[in-house]
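Just so you know, the protein sequences line up as chains A and B, in that order.
Residue 26 in the working numbering sits at position 26 of the first sequence, with consecutive numbering throughout.
Residue 10673 in the working numbering sits at position 673 of the second sequence, with consecutive numbering throughout.
I should point out that these hints are in silico values taken from the structure, not numbers from a laboratory.
One or more of the hints may lead you astray.
[Said to hold, decoys possible] To give an idea of the chain A side of the interface with chain B (calculated C-beta under 7 Å), a few residues:
hint, residue
1, D38
2, N40
3, P155
4, Y156
5, S185
6, R217
[What the hints assert, rightly or not] Simulated restraints, written as ranges between beta carbons of each label pair:
hint, chain 1, residue 1, chain 2, residue 2, range
7, B, T10340, A, D278, 24 to 34 Å
8, A, V160, B, K10743, 25 to 35 Å
9, B, Q10646, A, N94, 28 to 38 Å
[Stated by the list, open to error] Partner residues aside, some chain A positions facing chain B, computed with beta carbon under 7 Å:
hint, residue
10, P159
11, S161
12, E165
Note that this is a predicted model, so its numbers are computed, not measured.
From the three backbone atoms N, C-alpha and C, an ideal C-beta is built for every residue, glycine too.
Residue strings, one per chain:
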Amino acid sequence: MEIAYYPGCSLHSSSALYDLQTRLVLKKLGINLNEISDWNCCGATSAGKIDDFLAVIMPARNLGIADASGFSEMVIPCSACYSKTLMAQKLLENDQGLKNKINAEFSKKVTGSIKISSILEVLLANLNELTGEANKKLIGLKPVCYYGCMLTRFPYDLPVSDNVENPQGMETILKTLDANPIDWSYKTDCCGASASVNDEEMAFSLMSKIMQDALARGANCFVVTCPLCQLNMDAYQDKFCEKHGIDKRLPVFFITECVGLALGMGIKELQIDRHFIDGEGLLKELNIL
Amino acid sequence: MNNKLSINTAKQGSVLIVGGGIGGMQAALDLANSGFNVQMVHKDSGIGGTMAMLDKTFPTGDCSMCMISPKMVELSRHINIDMHTLAQVVSVEGKPGDFKVKIKLMPRYVDPEKCTGCGICEEKCPKKLTSEYEQGLTVRKAIYSLFPQALPNTRVIDRDNCIYFQKGKCKVCEKFCTANAILWEDTEKEIELNVGAIILSPGLERYNPVIRPELGFGRWPNVVTSIQFERILSASGPYQGTVMRPGDKKHPKKVAWIQCVGSRDFNNANPWCSSVCCMYATKQAMIAKDHDPDIEPAIFYIDMRTFGKDFDKYVTRAQEDYGVRYQRALISMVREEPDTGNLILRYAEQDGKLSTETFDMVVLSIGFQPHSDAVEFSKIFGIELDKDLFAKTGSFTPVETSRPGIYVTGIYQGPKDIPETVMQGSAVAGKAMELLNEARGTKARIKEIVPERDVKNEDPRIGVFVCHCGFNIAGTIDIQAAVEHAKSLPNVTHADDFLFACSKDSQDKIKEMIETDKLNRIVVAACSPRTHEVLFQKTLQDAGINKYLFEMANIRNQCSWVHSAHKQDASKKAKNLIQMAVSKASLLEPLYEQEMAMNRSALVIGGGLAGMTAAKNLADQGYHTYLIEKTSALGGQALHLYKTWQGDDVSKYVAECIHGINSSPNIDVLLNTRLKKADGFVGNFQSIVETKDKEQQIEHGVTIIATGATEYKPDQYLYGKDPRILTALELDRKLIDKDDSLKDMNTAVFIQCVGSRNNENPYCSKVCCTHAVQNAIELKTLNSKMFVFILYRDIRTFGRREELYREAREKGVIFIRYDVDNEININPGKTGLEINFISPDLQQGVKINANMLVLSTAMRAPQENPIAQLFKLPINKEGFFIEAHVKLRPMDFSAAGIFVCGLAHSPKPIDESIAQGLGAASRAVTLLSKKKAFGSAIVSKPVDENCDGCAFCIDTCPFKALTLLEYMRNGEVKKTVETNEALCEGCGSCMATCPKLGIFVSGFTIDQLNAQVEAALEIV
């Protein structure tokens, strides 16, 4: 199967390993990713702070390119990119005037025909393939699935494919792979996002709450889909734990890493060794490696 | 025995009632007691509905089962009511007066003719599954009844979970059943009923908060729904009344209620208000504290909607006497503390600061919504639904559907509490009676009176029955010791105990024992005679014993409930109480009620909407009605109103109503008429009325009080000192007159609760929030640029009216809360009225320059109430009439034959006044439809030999039932007193006053009372 792919800025820089994992893992499931050409930043949360129109036109340009690409579906792993692109698509669908205004600027016009999917939607749609291809069981892995604040947070007229307040996408995939995901109170809570740059104290207090609940639940790792959540919880873990008197550490895996491991891929292949908090130890202990 | 009245009518004298909750039951009883046959169809295996699941009810704290089970038993033994459970309507054909209805009866697999309700099958059944009735907190068996007092008490087999049906093995129930009642071959049946009218009372579903996972229901074990909490509080529930949290069975200390779960939520749940949750959360908080004084309840809410009669007082009591904390903040998320199972709530304080607090348990106050099959249901009956899937009814026709002959009642019509449901139950019965009046009696069965056994020459043979009341009594009192003690008492022939003496099978056992052991006096040691005396008296009648040969010992309310911490002493006291009852029972004599002729006409006092509705309904049923009105016109307060909240023209309806009254041949309207004198009693009232100095006497069998209320003209906020300051009705007048100046207003301000909810008048006037919101929308419609502000304390747009609140906000009406502690200052100036106050939500002062200030003032009962005085009827501190029972008899008075409806009872909107008017008429017809009225047998009897005519008793009698007589005896004048037994209420004041043993009250003679006192002082 061939689908379009929008990595976004993070997956080409600080979360390059997520880009690599996504390609590898989906390839193994028979899905070829075709990165759309000449894509631009989606605007993330920054564009909207400056200008409403900017917040729509930035992802809209990518939509135009995607609609013109000839593919019927485009996967966007990054939560912010997914969210902004999907919202822009919905907005343009409802507002013909705005759509015309924006399309006037583009050579590749937005038609609204392409389906925008999250990484979880694609994995869930191919769960049978995954079960078929998997050769390692993730027994003993007790993750808390951390969705972050953007993946299921949309205006009420936009249908969301997962339960908004208690999403189950990652749990479903992980249970199929014999892991034991644990329910907890911070599934969709904010990690502080970009505030880790400009308001460290506030961001650290948010991250520490997430950490404490996960530890109190008896989890042995986090599993995430958002590159910024992963970065925050992983890269800053030593710092915020020290600040808040937390002794234990938990590795923060991308969902694609878990899937990759189940498909028999190795640490170097998936670049799990690039994480700040060591995950190798846990995986060796559980005989997953 | 059928009453073969040869009336040639095409209409059927029977009514189908779909749904056996309290609303359906009230309608059934009113109809059955008025000469109609009732066919009741109920989907579950037992009747009772939502009310049967509650522990206690607000605002009295009465036990819900105690109030509903006597009605259920009355229904089940009523000769004119046929109950079909596990039944559903499949199709309806025909027209009003003549419907053919097909009913599907699901198989019970137990033969109701043979089953004795002993319950051994349930005890022995090995298959356990989650109990729906106990809201998942415990298990039930595959063969079961909904609850111990279920009616019918025949068990039912859940085929999908029965081991025999699913796997072909077991049959343990059949093995143990001594009545051979298991019916494996039972099948689905279909029956056809021919009825004249159909009443729909299927109730509503409860919102399931599992779809709101952020609130934690279904995720965190210590988050429960309010209905689960009812079961937790209940002594017959999963924890026997001990308040524990499901997760670890610990006793919670801090318990939080989250209001409006599933309600007032346009986006994610239901947009309406469910009307009852503010009150039930308050009730649960207080009852929980009664069970465990360590509990600290906190209620998180948006608006406190306690608008009903005495409801605000209830909340004040909760705060002051019980320490219930009310926090105005809505909770959006419930987190769990992993190691403790506690729950963390975050909310904004009044000053905006965010607080995080940990609670041991969280209760979600869930709301109501239409059943999931609401659409199919409506199609079967051919009725229209509104956009929210409630049955469509009208502003002035609250119980009528879009299809003539088919009516609705209860919460199916819209979320409401029990008193309103009962009112509507009677109201809908009245409507059905109106339709089928000519067929009254044609299908009624006449009860064969069981001939009374003459016990005069028998020695007393007393049967004593001690009730466990589940754990209510048995949890504190040693029942077996009490039974043994009873057996040792003189004249006691038989002593036994029951799990629930009030259940139908207990009645059957009592009857059986009377017959087998030739018992002639019965003592039941259980709960209060107030709720259950009539129930047991009927059982005696059915067994052929005079019903006054019965005595009750209250070993629950007066013993186990108040001495639960002292089990040994309580058990001793119970023995004394039983001994008292037995001693008295030995001395009881049969008593007989006086029969009185029933004058089949009615007097309605007050010509407003409630009075007119009652009068019209009575007249349409063929009963001559006198309608007196003290002013020169009919219409009452409705003459001042513009539109109903649904937007219907009030004056048009009032005109139609008046026309209907004036053209009815059965109504005599007397305007400018006041009541001068009220004499007589039920069936035989004589009233003297005065019209412009001319008096006339009216004789009537029943009286309906509809004397209304008026708008308070305030002395605050400079009312009367500036033409720009109006009351709500004055604004309505401007709207009715299409006053042009309104649309040119720049700014209009409403102030709510003027004269309501204060120390002198601690009640809510119920209609003003809706009225203000409705008028604010009108103003915005006249001029969308107008600034409209509503200054409020709580917005009480209850039930479906919540939509108006949303509409107002969408149109730009601004709602600002004010504090009762901080005054609103009005400063009239040339350019406008300067209104200054402090907003507690904004934490700062607000200044509004208004062109018009509308004061939403209170509804006031009259200062002087001559009607109350003339009829000797009780009124509360606020001047509204006090009904016989707040929950179950909201239109009756303790005095027979007199009923109340409309604003005279309490503030209410038009649709409720109309419903209560219909309800009062229906209640009246249960008397008018009979040729006789019965007095009480508990009346005073003078003893001529002892009485010397001192007449002390005459002054003491509050009911003026005694008169002094003189007659000649042995050549001398002998004075004596005589009792008017119809007026006498048996209070005993005369007996207590008399120094000569010259008068006693039947059933409470000096000997009987002395025997009780001696028994009380016995060392047991």
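Cross-check of the supplied hints:
1. About 39 Å separates the beta-carbon of D38 of chain A from the nearest beta-carbon of chain B, more than 7 Å, and the hint is not met.
2. Violation of the interface hint for N40 of chain A is found here, the shortest Cβ-Cβ separation to chain B being roughly 33 Å, above the 7 Å cut-off.
3. Nearest Cβ of chain B to the Cβ of P155 of chain A: about 10 Å, over the 7 Å cut. The hint is violated.
4. At a threshold of 7 Å, the smallest CB-CB gap from Y156 of chain A to chain B is about 5 Å, leaving the interface hint in force.
5. Residue-level restraint check for S185 of chain A holds (minimum Cβ-Cβ distance to chain B is 4 Å; threshold 7 Å).
6. With its C-beta approaching chain B no nearer than about 5 Å, R217 of chain A sits inside the 7 Å limit, and its interface hint holds.
7. Range check, T10340 of chain B to D278 of chain A: Cβ separation about 31 Å, and the 24 to 34 Å hint holds.
8. A beta carbon spacing of about 45 Å between V160 of chain A and K10743 of chain B contradicts the range 25 to 35 Å that was offered as a hint.
9. Distance hint check: the CB atoms of Q10646 of chain B and N94 of chain A are about 32 Å apart, consistent with the given range 28 to 38 Å.
10. The restraint placing P159 of chain A at the interface with chain B is violated, with a minimum CB-CB distance near 13 Å, outside the 7 Å limit.
11. Against a cut-off of 7 Å between C-beta atoms, the interface hint on S161 of chain A is violated, since the closest Cβ of chain B lies about 16 Å away.
12. Restraint check, E165 of chain A versus chain B: the minimum CB separation of about 4 Å is within 7 Å; hint holds.
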